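Participant: Protein chains in written order, with full-length UniProt numbering: chain P, 1 to 414; chain S, 1 to 414.
Bear in mind the hints are in silico, worked out from the structure with no lab data behind them.
These numbers come from a predicted model, not from an experiment.
Take the hints with a grain of salt, since some may be wrong.
If chains are identical, the list can't say which one is meant, so a pair holds when it fits in one copy or spans any two.
[Said to hold, decoys possible] Calculated cross-link-like contacts (lysine to any residue; reagent style SDA-like; alpha-carbon spacing at most 25 Å):
no., residue 1, residue 2
1, K73, L236
2, K154, T20
3, K54, Y37
4, K233, R170
5, K154, L76
As a plain string of letters, each chain reads:
There are 2 protein chains.
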Amino acid sequence: MNAEIIAVGSELLLGQIANTNAQFLSQQLAMLGINVYFHTVVGDNAGRLEQAVKTAQTRANLIIFTGGLGPTKDDLTKETIARLLDRRLMIDEEALRAIEAYFARTNRPMTENNKKQALVLEGSTVLKNEHGMAPGMALVAEGITYMLLPGPPKEMRPMFTKYGSVFLRRTFSLSERIESRVLRFFGIGESALETAIADLIDAQSNPTIAPLAGDGEVTLRLTAKHQDEAEAKRLLDEVEAAILARVGRYCYGYNDETLFMKTLERLKEKGWTIASAESLTGGLFLEQLTAVPGASQVVQGGVVCYTNGVKEQVLGVPRPLLEAEGAVSEPCARLLAENVRAMCDADIGISFTGVAGPDPLEGHPPGTVYIGIAVRGRNATVHRLTLSGTRDAIRIRTAKYGCFFLLEMLAADC
Amino acid sequence: MNAEIIAVGSELLLGQIANTNAQFLSQQLAMLGINVYFHTVVGDNAGRLEQAVKTAQTRANLIIFTGGLGPTKDDLTKETIARLLDRRLMIDEEALRAIEAYFARTNRPMTENNKKQALVLEGSTVLKNEHGMAPGMALVAEGITYMLLPGPPKEMRPMFTKYGSVFLRRTFSLSERIESRVLRFFGIGESALETAIADLIDAQSNPTIAPLAGDGEVTLRLTAKHQDEAEAKRLLDEVEAAILARVGRYCYGYNDETLFMKTLERLKEKGWTIASAESLTGGLFLEQLTAVPGASQVVQGGVVCYTNGVKEQVLGVPRPLLEAEGAVSEPCARLLAENVRAMCDADIGISFTGVAGPDPLEGHPPGTVYIGIAVRGRNATVHRLTLSGTRDAIRIRTAKYGCFFLLEMLAADC
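Chain P extracted, bound-state conformation (with noise of 0.2 Å):
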């Protein structure tokens, strides 16, 4: 069995976009143990998608298209597929009640060209679009199976691994398991992390061992093969334990886990509230917390303090304090922990000061920041990083430092 994923979209070809879905897809069906053989891109063009499409039935039992399902005129995937296995398109009235559901809940008049985008292939299996317009399908024909999936990955996603991936399953009947497991390092570097380890990838086979480092972070994803479930399950717990020996400290979660979810966990656990007092993230910290639902049982609020004049009126740095000093110092990190913790009656306060770039700030090159953490009853604590990179870099590193400082305290704690 082979798979060749088939994007369709000019702005792929016109380079105002990487084509990620196929990148998503091709990590999906890794572990569903389905081989892909090829990527094609090709435009919003009937002629030559035809001629992808008859490519790609040479060499691929599964073709799965994203894109070209939407409203406009452009959108040509179900129309092409339709003309070349010979069948139908007809109106899905569940999807078509779901649009017009949309369009209502947004009091906007709904279009004629909407209609479109609840057509779906005679015979196929319809998979619903939970967070968008246009459904997807999958059908088998002469032996290929077929997948259409929306272009936007917002939509895509969700819809691959709810009602994409099942149909494969059953379709194919995948036997084998391929177990898969990432684990989420931060505070080390990616070649501290391989040379402290690296016995344990040189002499991989089964699980494997891949490494990988972005956005200040490591993740190492772990992959079993077997028959019995339980039995790859057991293979992967036995490197995770050689590997959580020697850097377990640095190992803050699994797979799709973020550091924010892992604090906001562990506060929730404790019970503890949490504010924060955010200079050079300007509000990074707690937008990234209460990304994640439930937020509210833990994040109290906080305080952008982005200027000295907020940071002594708001916060009450007192100003001989902030000259003296200066707003990038421990006990202006300190005091704003403090105060904000006070001020929004949480259990923990947190601060952020420093220098985010391009430029430097009260003598300090960009990269020197003060994370301050205040416990209600305790001596508030302040760390001093030196990072480095760009302004954004800089900015959620430093947020993350935050979350990785808290973790610590609160593993410490219990």
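Given the coordinates of chain P, assemble chain S onto it according to the supplied hints.
Facilitator: Same frame as chain P, now just chain S:
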């Protein structure tokens, strides 16, 4: 003239990386006026690579390869093309000296397989690698131009812009100018925008008009071709004026500009400062605004008032108001905007209160949002929105609507 980009590498088919090389080259080729009709990705497999090249030979007269030029057994691109075109591979002395110098400089012994990187196709133009070891190459055979570039973006990009594009300009005697401009819209849906300018899109030939939707925004890419650069720009101006005459109200900027950049720019021009009170957005608005360098001239700070306690104690919303009207209400939004403005001593206060979901709040469904805007010395205004989508989509669109309403107000104020 039309091109196909073939990326070679199993890591792409496993989804370990996205094919950003194809995106980069597509942008570069568009600027040279070369149409890209297909992208293909194929693994490190001689048979399938050969098949991909043969398919490309039937439909493209420029084939650009990325990847597969390295020292390992997996690197097959040169060898496969040499076989297909019946050309020999020969050592390029300059490349060999560069590789030897690289190993000498890094104090590492040069293994025998590294010599392979200095092999180039007989009769090809060598493209120097100034950021790595494997040289690129280009040649014309039987009416088709082949260009082989290394896989690592850090090597490929400078090689293409410095040497590859020069080769193409010379080979294809490129003189036609391609001018491109992106118009960015917010507050109007993709199909409403397309309906409003359907006749312009239908009549398009030069310039072309290509719509794209994403993250609650719609963009139109206008592309004009002409021998004369000034005339190409005039064609763009003409179609832009026709579009803006109909939907100009929703157009906020060009190319890579964001709503946050424009908001910051307009505020800076006006000499106004801003503060925000954020409930459902949790700091997202200010975080996005402070992500733009130079934000400190405009942003005072703000309060993230996630709980009613913070709304009451920090921002002075009276408890009786919260109890009678709720936090998700017009009067609460108004008071939050007014009070955060006063508290941070800013010219503008903006507030965001509403329901991000997934659960309803105070009886309101997710997507119910109030945005308050208070200007020093004026009565505050409040906008009510009904948004749909995921928690993340609602939060980011709320913050963007904040910019949209601010820009509208600032434009009316001029």
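Participant: Confirm or reject each hint.
Facilitator: Results for each hint:
Taking the shortest alpha-carbon separations for K73 and L236, only the inter-copy value of 23 Å comes in at or below 25 Å, while the best intra-copy value is 49 Å. In this assembly of identical chains, K154 and T20 lie within 25 Å of each other by CA distance both inside one copy and across copies; the values are 11 Å within and 19 Å between. For a Cα distance limit of 25 Å, the shortest separation of K54 from Y37 qualifies both inside one copy, at 15 Å, and across copies, at 16 Å. Proximity of K233 and R170 under a CA criterion of 25 Å is satisfied intra-copy only: 22 Å inside one chain copy versus 55 Å between copies.
Taking the shortest alpha-carbon separations for K154 and L76, only the intra-copy value of 20 Å comes in at or below 25 Å, while the best inter-copy value is 36 Å.
When held up to the earlier numbered hints, the structure conflicts with none and fits them all.
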